[in-house]
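Engineer: Protein sequences appear in the order of chains R and Y.
Residue numbers for the first sequence follow numbering that gives the first Met the number 0, so the first one is 0 and each next one is one higher.
Residue numbers for the second sequence follow numbering that gives the first Met the number 0, so the first one is 0 and each next one is one higher.
Some hints could be false.
Unchecked claim - Straight-line alpha carbon distances no greater than 20 angstroms define the calculated DMTMM-like cross-link-like pairs of lysine to aspartate or glutamate that follow:
1) Lys194(R) - Glu33(Y)
2) Lys49(R) - Asp30(R)
3) Lys190(Y) - Glu202(Y)
4) Lys303(R) - Asp293(R)
5) Lys90(R) - Glu33(Y)
6) Lys349(R) - Glu393(R)
Just so you know, these hints were derived from the structure itself, not from any lab.
Just so it is clear, the structure is predicted and the values come from calculations on it, not from any experiment.
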Amino acid sequence: MSTPTSMTTSMPALAPLSTEESASFDRATIDYIQRASATGLYEIRGLGAKRRLPHFDDLLLLGASLSRYPLEGYREKCSTKTVLGTRYATKPVVLDTPITIAGMSFGALSANVKEALGRAASAVGTSTTTGDGGMTNEERNASKTLVYQCLPSRYGFNPDDVRRADAIEIVIGQGAKPGGGGMLLGQKVNPRVAKMRTLPAGVDQRSASRHPDWTGPDDLAIKIRELREITDWEKPIYVKVGATRVPHDVKLAVHSGADVVVVDGMQGGTAATQLTFIEHVGIPTLAAVRQAADALEELNMTGKVQLIVSGGIRSGADVAKALALGADAVSIGQGVLFSLGCNSSTYMQKGQHIDATADYAALGTKPGFCHHCHTGRCPVGVTTQDAVLEQRLEVEVGARRVKNYLKTLTMELTTLARACGKQDVHHMEREDLVGLTVEAAAMAGVPLAGTEWIPGRAV
Amino acid sequence: MSAATSAGTAATAAPVKEFNLSRPGVAPETALRELNLWLHRDANSGGIRQVRVLNPDGAHSIAAGVDASLRIDVEGHAGYYVAGMNQHATVTVHGNAGTGAAENMMSGLVRIKGFASNSAGASAHGGVLVIEGDASLRCGISLKGGDIVVGGSAGSFTAFMAQAGRIVICGDAGEALGDSLYEAVIYVRGKVASLGADARFEEMTPADLAAVRELLAIAGFDHDPSTFRKVASARGLYHWNADASQEY
Chain R
0 MSTPTSMTTS MPALAPLSTE ESASFDRATI DYIQRASATG LYEIRGLGAK
50 RRLPHFDDLL LLGASLSRYP LEGYREKCST KTVLGTRYAT KPVVLDTPIT
100 IAGMSFGALS ANVKEALGRA ASAVGTSTTT GDGGMTNEER NASKTLVYQC
150 LPSRYGFNPD DVRRADAIEI VIGQGAKPGG GGMLLGQKVN PRVAKMRTLP
200 AGVDQRSASR HPDWTGPDDL AIKIRELREI TDWEKPIYVK VGATRVPHDV
250 KLAVHSGADV VVVDGMQGGT AATQLTFIEH VGIPTLAAVR QAADALEELN
300 MTGKVQLIVS GGIRSGADVA KALALGADAV SIGQGVLFSL GCNSSTYMQK
350 GQHIDATADY AALGTKPGFC HHCHTGRCPV GVTTQDAVLE QRLEVEVGAR
400 RVKNYLKTLT MELTTLARAC GKQDVHHMER EDLVGLTVEA AAMAGVPLAG
450 TEWIPGRAV
Chain Y
0 MSAATSAGTA ATAAPVKEFN LSRPGVAPET ALRELNLWLH RDANSGGIRQ
50 VRVLNPDGAH SIAAGVDASL RIDVEGHAGY YVAGMNQHAT VTVHGNAGTG
100 AAENMMSGLV RIKGFASNSA GASAHGGVLV IEGDASLRCG ISLKGGDIVV
150 GGSAGSFTAF MAQAGRIVIC GDAGEALGDS LYEAVIYVRG KVASLGADAR
200 FEEMTPADLA AVRELLAIAG FDHDPSTFRK VASARGLYHW NADASQEY
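Assemble the whole structure, with the sequences as input and the hints as a guide.
Structural biologist: Set out below in C-alpha cells:
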C-alpha cells in the first residue's frame, strides 16, 4: 500500500495511468500485432508451447507409508526393462529404460548431434529416432536401437533403411502442430540436407501434412500391412499422433494394426512451426496420457499395444507420473536438446567453456529464452546445419551429457517407483497419484489432493 | 519351400516359379507371405529369373519390398501397393492396380497393363512406372526422381508436390496438375483441366523432346513427342513470400 496512513483506502491501488498495461492488449500482444503488420507473415519459431499448461507438476505421487510397503531405495531391485511391439512384431524392441529419444530430423539437427544422441541412447540401452529428413549413417551406426520414421514427406525414405531400422514409426502428426506438415527454412537446407530430401538447396521447405499413398484409417491398415510385408513381420510398427481427439485417434491407430501408439502432447517441440500453431492447437500431454490409456483399456489392449507418451517430459518425476497414468514409455526431444547445451550460455571446445552470449544477442535473444532453432544459427551448435556452428557441439561432449541426463532420469524414476513400493517401474499406477489443481485432477482422472473427489467423473 | 508344388500347379521350366495366391485351404495372407518371403530371402540365391503370381484377386502388397533383378508377372488385378518400394525388379500387372502402385519405387520397371488407382508411383525415387490405362488421383505425388508414363489420362492433383523425376501423360490431365511442384516436370499430350498452384506451361526444349521420346520408347507408346506440352514449377513458392500467403 502506497498510502498506509490514508483513512479512506478501500480501493486497490492502481498503477499510475501513464503506465497502466492492458490485460487484453499487453506489450507482447501489441508487439505481435505490430510484427504482423510490418511483415504480412506469421511468426515461425522452434521448441514447444511456452504458455502455462496443466502438466505433470500439477500431480503428486503418494509414497508408501503404513498402508503401502516401500522398497529399499539402494538395495532392492526395481526393473526398468521395457518391451515395445509385442502385438505383431517377431522382433520387439527391448530397452533397458522406458525413456527414449524422440524423432528429430537430420536437418533440424546436425549430423554431430544425431551421432551424439545415438551414442548416448546406446550407452543407456534405449532407442533414438530419425526424423523428417531420412536416416544418416552417423545415426544408424551410433544407435543400437533406431526407430525409423515414415512421414508424409517421405524425404529420403527408402527400403534399405526400412530394413536396417529396428522399428518403423508412421508419423501422422506431432504435438507441436497436429494437422500440420514439417518446415525447414532455407538457411538449414544445405547441400547434404537438400540431397537427402531431394530438394533444391536453400529452399524454404514445407512438408506435406498428409501421407501421399493412403487416406484415413482403413487405408492406414493396408499401409501398415505393406510395411510388415516388406520387413517380413519382424519390426514393430509405431503410429505417432499429435494429441487432439486422443480417444478416437488411439483407437483408430489400434484398429489400423499399430504395435505401439505414440501420443505427443502440445508441449512437444518442433524445429520450426508457426507460433499460432504451437500455442493454440492440441491438448496438454497430461490430458492426453489419460485419454490414450483409457482408449487402450476400452479396447482391452492394455499391455498388448504399448503407449509411448511425449511432449514436455523433463524429469524422472514426469516419467513416473506418465507411467502411473498408463504410459509404457516416454519420448524426450526438447529435454535432450537442453541436455546437449541448448540455451546454455557456453559451449565446450576441447574441454574449455566458450562464451556464446554474443551469438544469442545477435539473434535478438539470450540464454534461457532462445527458440531460434528455425534460423539455423544455434549459438551452441545443436540445431544448425552451418559448417562452423555445428562444430560447437562435440560428439563426445554431447553423448556424455545426454547419457548423464537419461541416467539421472532413470534413477529418479526408480527412486519414486521404489518409494511407491514398486519393483518394476511399469507397476506404477493411477492410485499412486493425486492432483494438485482441479484442472490437473480432472485431466488425469485422479483425486484432488486431500480429497476423494475426481473432478469430472461420476461419483 | 516350394509354393508352386504345394499349390499343385503344373511344373514349369526351371527358371520360372509360380505362386498361386488363391488356393483351397490356404489363407490369402499366408499365400502372400510365402510369395513375399521368397522374394525377399530366396530370389537372389537360385537360378530363377521369373516369377508368376497366379490368382492375385486384388491382394495388397504383392511383391512389395523386392530387391532383385527378377521378372515378376502378376496374372490379374492387384490391390494396394503392388511392387511397393521396388528395387531392380521388372513387375508387370496383367490387370488393374489399386492405390499406391510402385509407391516409393527406387529402381526397376513396373508396368500396369490396365488402370491404376490413386497415388500411383507416390514418392518414387527411381525406376519407371508405366500405366497403360488411366491413372486416378494424385499420380506421382511427392515424386522424388522416378519416371511415370501414363498411356491414358491422369486424374486431379497429378504430381502434387513432386520434387524430381518426369511424368508423361499421353491423354488428358485433371484439375490442379502439378500443384506445388518442385523440380519434377510433366509432359502432357491432351487437355489440362487446370494447373495447380505455382505450376506453369513452359516451352519444350530439345532436351524435353528427347526425354519424352525416351520415356515413350520405354513404355512402348507411339506418339509424336512434339505433341506434348511441358508443365514445370514457376518456383514462386520456393521462399516465404508475404504476398503469396493464400497461394500456399
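Engineer: Out of the numbered hints, which ones does the structure contradict?
Structural biologist: When the structure is compared with the hints, only number 1 turns out to be violated.
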